[in-house]
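Using the sequences provided together with the hints, build the complete structure.
Taken in order, these protein sequences are the chains called W and Z.
For what it's worth, this note's numbering labels the leading residue of the first sequence as 1, then goes sequentially.
For what it's worth, this note's numbering labels the leading residue of the second sequence as 1001, then goes sequentially.
The hints are simulated quantities; they were obtained by calculation from the structure and are not laboratory data.
Given the structure is predicted, the values throughout are model-derived calculations rather than measurements.
Among these hints, one or two may not hold up.
[Claimed, not checked] Looking from chain Z toward chain W, a few residues come up when the C-beta cut is under 10 angstroms (computed): (1) Leu-1052; (2) Val-1059; (3) Thr-1145; (4) Ala-1149; (5) Phe-1171; (6) Trp-1199.
Glycine included, each C-beta is placed from N, C-alpha and C at the ideal position.
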Amino acid sequence: MMGGFWLDTISVIHTSIGSLLQGLSLTASISLGTLLLSTLCALGLYTIVLIADNRTATGAVRALVWIVRGVPLVVIIFLSYYGLALAGLELTPYQASIASLTIFFSAGMYEVIRGGFDSVGKSQWEAAYAIGMTKGQALRRVVIPQALRRTVAPWIGEFAGIIKGSTLLALVSISELTLRTREVVERTLLGMQLWTFAALLYFLICFGLSLLGTWLERKTRLVGW
Amino acid sequence: MLGLRTTFFIGIGSMLGAVVGGVLIAIIRTEGSALPRSIARVFVEVVRNTPLLIQMFLVYFGLPQMGVMIDPWGSIILTLVLHYTAYIGEILRANIESIPRTQREAGLALGMLKSHVVRRVVLPQAIRHSVPAINNQLVYLVKDTSLSAFFGVKDVMFAAIRLQVDYWRVFEAYITVGLVYLLLSLVVSIIGGVLERRWAIL
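Take a look at the structure:
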């Protein structure tokens, strides 16, 4: 490749890095907000399922989760972003972005939590009851500690998913990293360099998270089952 | 429904490409020599940790800049195939490696060539174990075809956006298209379920 390619690359990144980093901070902010809210919602949902202990309730929740996850994230974003305003709810773009992502990822987080708890075999519950624990005690002392450990890595994985999903907000004109990159590309026509740079940024974040997840998984593993 | 055929074609075409690609990647990563193995590993890690939309922009805008002329359809299908090849390849690789060494040793002990062993003993088992996970990825693929609407491809999502823009029907448009995608995911899941049962380990 000619020298011009690399000179262009350096110059465009040097010029636009400020704007791109602003976009990145918005991405981070929205992603963290979504992480918090979706985890809380999912915990709430799962708590309902645990307390109700009722086949219908569990079925209803699982059906709801299935529906939300079966619809493309774009559709949910469009539906909430444009639809919520019509339904009378006045939200800033920032709030609407977090709201729409939260709807989708609460379902994902629910599956993460459910997966963590399900992987703690029935035998653990039965053993707890066998020594006379109540349901609450069994939960607190036996099941939750084990489930928590198994949930950490998938939870971080889902967070990486949130970050990757936030890129779709560019399609509704939210000025996060992807949209900002697109703006610079439109001005300078240096798509290859800029999109590769954006990909690099996302890669560093997501790969870093995946390494963190693996490390945490090893740290919290107990010998035995 | 307008655009359904487009969504169909992009979906099925990408699925085939991704499954074939996935098998290739998995084989390279388990049987290949050092260099191909590392290249494949880097490919998988990079693609899995990068957002799909960014990959689409990269292919759609970047390739023409480098002189490779590619139309919207082509770039969408290429991106989807590359993206899901990485995920499916990773799933297959993990399942291949989880087949106990004893299976391989048994095959070799019976006098099979190494390639025979892989083809007749290890791969079929790995594939059977992978079906649910791969089926999951294919459902994600179907949902991700919706992004093609933003690159000028007239699929189901594009139709929904047109409905919203032209007729101001927000809820109807997106709820309908949501149902369409749910139905498509259901179809893929059912096919996967059938395959899973047909190939169930006895």
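Consistency of the hints with the structure:
no., hint, result
1, Leu-1052, "holds (7 angstroms)"
2, Val-1059, "holds (9 angstroms)"
3, Thr-1145, "holds (8 angstroms)"
4, Ala-1149, "holds (8 angstroms)"
5, Phe-1171, "holds (6 angstroms)"
6, Trp-1199, "violated (24 angstroms)"
This entry does not satisfy hint 6, going by the numbered hints stated previously; all others are met.
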